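J.: Residue numbers (this note's numbering), protein chains in the order written: chain A, 1 to 449; chain B, 1 to 594.
Hint data in this document are derived by calculation from the structure and do not stem from the laboratory. Please read these numbers as outputs of a predicted model, since none were measured by experiment. Using N, Cα and C, we set each Cβ at its ideal position, and we do this for glycine too. Just so you know, not all the hints are guaranteed correct.
As the list claims (entries may be wrong) - Here are some chain A residues the structure puts well away from chain B; computed CB gaps all over 10 angstroms:
| # | residue |
| --- | --- |
| 1 | G71 |
| 2 | S107 |
| 3 | A130 |
| 4 | A178 |
| 5 | S315 |
| 6 | F439 |
What the hints assert, rightly or not - Covered stretches of chain A (in silico footprint by chain B; criterion: 3 or more residues with CB under 8 angstroms from a CB of chain B, positions within the stretch not fixed):
| # | stretch |
| --- | --- |
| 7 | 226-235 |
| 8 | 353-366 |
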Amino acid sequence: MSLTRRSFLASFSSALALSQLPSLPAFAAAGDYRALVCIFLFGGNDGNNMVVPVDGRYADYRAVRGDGSSGGIGLPLASVMPLAQGAAAAQFGLHPQMAALGPVWDSGELALLFNSGTLLRPTTAAAYRARSTPLPMNLFSHLDQQIQAQSSISGIHCNTGWGGRMADALAGINLGAALPMVISTSGNVQFTAGNLGQALAIPASGSFGLAGVGGGYASGITAQFNKLLSLDRNKQSVIAAQNVVAAGEKASSLLTPILTGASVTDAAFASLNTGIANQLHQVARVIGANASLGLRRQVFFVGLGSFDTHAAQISTQANLLGQLAAAMRAFNDAMHLLGTSTQVTSFTLSDFARTLKPNSGGGSDHAWGNHQLIMGGAVRGRNFYGKFPSLALNGADDADGEGRWVPSTSIDQYAATLAQWFGVSSAAMPTVLPNIGSFATADLGFMQS
Amino acid sequence: MTLHTDLRPGAMPDAANKHSPIFSTPRLSRASGRIAARRGLVPFALAFVLMLFAALARAQSTPVSWIAALKGATPSATAPVSTADARRFLEQSSFGLTAAEVLRVQQLGLLAYLQDQFARPASGYPGFVYTNSNSSVGCPPGSPATCSRDNYSLFQLQRKFFVNAVSGADQLRQRVAFALSQILVVSGMKIPLPYAMANYQQVLLNDAFGNFRTLLDDVTLSPAMGRYLDMVNNNVAPPGGATGANENYARELLQLFTLGLVQLNPDGSTKLDANGQAIPSYTQDNIEDFAKVFTGWTFAPLPGQLAKWVDPENYGANMVAIEAHHDQTAKTLLNGFVVPAGGTAASDLKAALDNVFAQPNVGPFICRQLIQHLVTSNPSAAYVQRVAAVFANDGAGVRGNMKAVITQILLDSEARGDSKSDPSFGKLREPALFLAGMLRMMGGTTDGVFPLWQSNAMEQNIFDAPTVFSYYPPGYTLPGSTLSAPPFALFDTASAVLRANVINRLLSGPVAPDPSVSGATGTQIDLTAWQASASSAVMLTNQINQVLFHNTMPLDMALVLMQAINAVPSVDLFNRTRAALYLAFSSAQYQVEQ
Numbered sequence: 001m002s003l004t005r006r007s008f009l010a011s012f013s014s015a016l017a018l019s020q021l022p023s024l025p026a027f028a029a030a031g032d033y034r035a036l037v038c039i040f041l042f043g044g045n046d047g048n049n050m051v052v053p054v055d056g057r058y059a060d061y062r063a064v065r066g067d068g069s070s071g072g073i074g075l076p077l078a079s080v081m082p083l084a085q086g087a088a089a090a091q092f093g094l095h096p097q098m099a100a101l102g103p104v105w106d107s108g109e110l111a112l113l114f115n116s117g118t119l120l121r122p123t124t125a126a127a128y129r130a131r132s133t134p135l136p137m138n139l140f141s142h143l144d145q146q147i148q149a150q151s152s153i154s155g156i157h158c159n160t161g162w163g164g165r166m167a168d169a170l171a172g173i174n175l176g177a178a179l180p181m182v183i184s185t186s187g188n189v190q191f192t193a194g195n196l197g198q199a200l201a202i203p204a205s206g207s208f209g210l211a212g213v214g215g216g217y218a219s220g221i222t223a224q225f226n227k228l229l230s231l232d233r234n235k236q237s238v239i240a241a242q243n244v245v246a247a248g249e250k251a252s253s254l255l256t257p258i259l260t261g262a263s264v265t266d267a268a269f270a271s272l273n274t275g276i277a278n279q280l281h282q283v284a285r286v287i288g289a290n291a292s293l294g295l296r297r298q299v300f301f302v303g304l305g306s307f308d309t310h311a312a313q314i315s316t317q318a319n320l321l322g323q324l325a326a327a328m329r330a331f332n333d334a335m336h337l338l339g340t341s342t343q344v345t346s347f348t349l350s351d352f353a354r355t356l357k358p359n360s361g362g363g364s365d366h367a368w369g370n371h372q373l374i375m376g377g378a379v380r381g382r383n384f385y386g387k388f389p390s391l392a393l394n395g396a397d398d399a400d401g402e403g404r405w406v407p408s409t410s411i412d413q414y415a416a417t418l419a420q421w422f423g424v425s426s427a428a429m430p431t432v433l434p435n436i437g438s439f440a441t442a443d444l445g446f447m448q449s
Numbered sequence: 001m002t003l004h005t006d007l008r009p010g011a012m013p014d015a016a017n018k019h020s021p022i023f024s025t026p027r028l029s030r031a032s033g034r035i036a037a038r039r040g041l042v043p044f045a046l047a048f049v050l051m052l053f054a055a056l057a058r059a060q061s062t063p064v065s066w067i068a069a070l071k072g073a074t075p076s077a078t079a080p081v082s083t084a085d086a087r088r089f090l091e092q093s094s095f096g097l098t099a100a101e102v103l104r105v106q107q108l109g110l111l112a113y114l115q116d117q118f119a120r121p122a123s124g125y126p127g128f129v130y131t132n133s134n135s136s137v138g139c140p141p142g143s144p145a146t147c148s149r150d151n152y153s154l155f156q157l158q159r160k161f162f163v164n165a166v167s168g169a170d171q172l173r174q175r176v177a178f179a180l181s182q183i184l185v186v187s188g189m190k191i192p193l194p195y196a197m198a199n200y201q202q203v204l205l206n207d208a209f210g211n212f213r214t215l216l217d218d219v220t221l222s223p224a225m226g227r228y229l230d231m232v233n234n235n236v237a238p239p240g241g242a243t244g245a246n247e248n249y250a251r252e253l254l255q256l257f258t259l260g261l262v263q264l265n266p267d268g269s270t271k272l273d274a275n276g277q278a279i280p281s282y283t284q285d286n287i288e289d290f291a292k293v294f295t296g297w298t299f300a301p302l303p304g305q306l307a308k309w310v311d312p313e314n315y316g317a318n319m320v321a322i323e324a325h326h327d328q329t330a331k332t333l334l335n336g337f338v339v340p341a342g343g344t345a346a347s348d349l350k351a352a353l354d355n356v357f358a359q360p361n362v363g364p365f366i367c368r369q370l371i372q373h374l375v376t377s378n379p380s381a382a383y384v385q386r387v388a389a390v391f392a393n394d395g396a397g398v399r400g401n402m403k404a405v406i407t408q409i410l411l412d413s414e415a416r417g418d419s420k421s422d423p424s425f426g427k428l429r430e431p432a433l434f435l436a437g438m439l440r441m442m443g444g445t446t447d448g449v450f451p452l453w454q455s456n457a458m459e460q461n462i463f464d465a466p467t468v469f470s471y472y473p474p475g476y477t478l479p480g481s482t483l484s485a486p487p488f489a490l491f492d493t494a495s496a497v498l499r500a501n502v503i504n505r506l507l508s509g510p511v512a513p514d515p516s517v518s519g520a521t522g523t524q525i526d527l528t529a530w531q532a533s534a535s536s537a538v539m540l541t542n543q544i545n546q547v548l549f550h551n552t553m554p555l556d557m558a559l560v561l562m563q564a565i566n567a568v569p570s571v572d573l574f575n576r577t578r579a580a581l582y583l584a585f586s587s588a589q590y591q592v593e594q
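Starting from the given sequences, assemble the full structure and let the hints guide the process.
T.: Written as structure tokens, this is what we have:
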């Protein structure tokens, strides 16, 4: 029967992962705390308009993107916020709605990684066109590319994410903690799924939990409710449902005071009420309580959607990037208020970038390699990493003439640089990122050691 | 506690069902005796078991195979249907069972019941009228506070969805349309106009029992879909190609609405090439040429106006073609099929949809998802293959006959029977089905307000899905396993406890009408039919076992319910009933429909 085989495989993979658990790392000293916060931009954020060259390359950008008056989607040069690296003239700028992040850049706590994406091995545009190298499955498909960005596994189907696998690799460090290492404010997502444990999902704002049962049937009913969670554990789907409810009950009792009480971080988010700001505020509250929760490592996942700008991109993306920048800025401020700035690193991911060539609806279509933001006190900020693509259609980096950049850096390398900072040893790295050995370096240099 | 695993009355292999009472009597008695003795509950447990036997003995066995019947002899309209199977059938084919519908299924027989449902007109969404897309026009300054909610959010449409689900007579049509709405997705996230979304949902209701090819036509030309996936105002690329045709509809039509990413075998499994690799269903070049096919369409002109390129938003009629904006070049579609240059927007569209519809992938790709929405998250390959075969040919040479497909899905031997022994069978109840089903089983009436907010809180905001992949990804598997379990994507640690809270709220008294909603009646339940048996913990538990669990409630669970009932004084029928229903509806054992 297939279930027997499935169960066998499931238990096998758990056993395998357990045997690979490192012993408690030596750096687990008092005060040792690190957190990674994945900010996922659902729908495929147009990195080509998030980061715009402001040097001679602006002309290449403008030549393809056009501007609003001609049905194009290019941003005016004067509107882009230059990102200075020192005395020299700026080479790149951020989308005008992201001005809130200017001070974070200037303080050296924000970095940009150019043109990273899903890859099986180093790939050039020529190799892509000739199909002379293995490629990720189902490029340009939202769901597949979301899953691959979150799993960093692009050649086979898998159901874990690199956030969950980092937690597997470091499970020993949180030994005895009452909560899972991984928390999502965006429901169940692949990034948070590991082999060992179930991630926690908390609401995007406010608290959660079993409501008090009132009325004449209240006596002992919650005890009976809980008893049912421990019975009939003979069917995988029933067990899964029981485990989710039990984990939710337990977490809600621990987290409700943290999610509802006053927090040092409230001041940073006081003027914001967007979904992404609320989620990052939730994360900040939990980070602020890490000592009492007994957690030395945490991984968070927050999400912002509607980046699939096939039409009316100018206004839609401006709105979204404005929300994103304000929320990230508030989060950075909150980490300073908590004194955890150097212990917490946040970073963006998205399905894919969008074609540099606009479509006829004032939008752009699904593409590939994309630019990402990395923020925190441990980031070697005020700097650019990776290789900025040539912005010519059919140029050196274009897959097919539409401005779909073949990534020059893989998600594996992006993830490995973060995982290494987080504490994943090089020995354990292949269990977190099985494909990392296909690339020249596992450290892109954007994190302080 | 795995003692009971193979001892539940309903857990026998399907083949043994016909003789199950005799077959399993001694084993059941021993098991229940052991469990009950340990808990000091012998009298209740024994009585309960005796009642289970009585019920089982009354139940009639189901015909061995509906498949043979479908392919040859039509089953008799009066073929007997067991009570347990009638209840399972209604969970799969409606928004929840009622006592009256169970009787009706048994009176008519399954096939006649389906015929009756096929003939019922849609409850539908009448009364949603054109609204200017600009909310400052539709709700100028001085408008009542409800103007925006009622005209620029899906509130009223979601309300009507739950009113129809709880009380409409066209249950099967609604259920199939709801499944289709999660495959051919349009979301209020992008189009927050209730009249636009109502018109789209009406298309799905109207076409639910038609031909899938017709559905493709109607969905493709629907202005809501046009806007959602950007086919509307998709312009021919100018000479020189500074902009390209919009690829959005082209891609999702192929990826989500018809073919899927990879070529499939007739049983829905992935077809592999000589190197063991999956074979893509289409290429990026195909997408770009399909994108050219879908150029030249704009909104229908508003009454009294002439059509022009880029008409103002109008979701009251299908999109119209403006030939000057259609790409007339030749396009290479699937299997190398070439649409020659010079076609019109309509002729190219027809050729392209014919090309897609003829692909062998459509049947297994769509049918597997329909099975997942109606019956089980993990259909066997053979089940998918049987349904896909009916999709390919309904027996009269027609491809895409939805009535035949639905009949096969619901009457298939894998769907039917008093209980299912395969541990991977079944699915987690998704929020809307959980809410509507609960109300229907407890004699509930609603104006839709309470369930719409509750469904929203449980991450299923009706017709307002976060992405074109709908509320949850079709490929979601249980964490740490390969078991397909799409609705579990919505069942996380934050949302899961809400299910207990919502049943608690319903049992705590009527939900008052929202005074800001015209004609509001609130939401309430009527426990009369349940209280009738509440003087006896065994009888009430058995009633729940029969109605909610179609006679498969595990014995140890039954004991917990009886304990909870007996913790309330025996004269307090109301609170005994509430205690039992709270535990039963909130249990994982119930949440996973089996």
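J.: Of the hints stated earlier, which fail here?
T.: Of the numbered hints given earlier, the structure breaks just one, which is hint 1.
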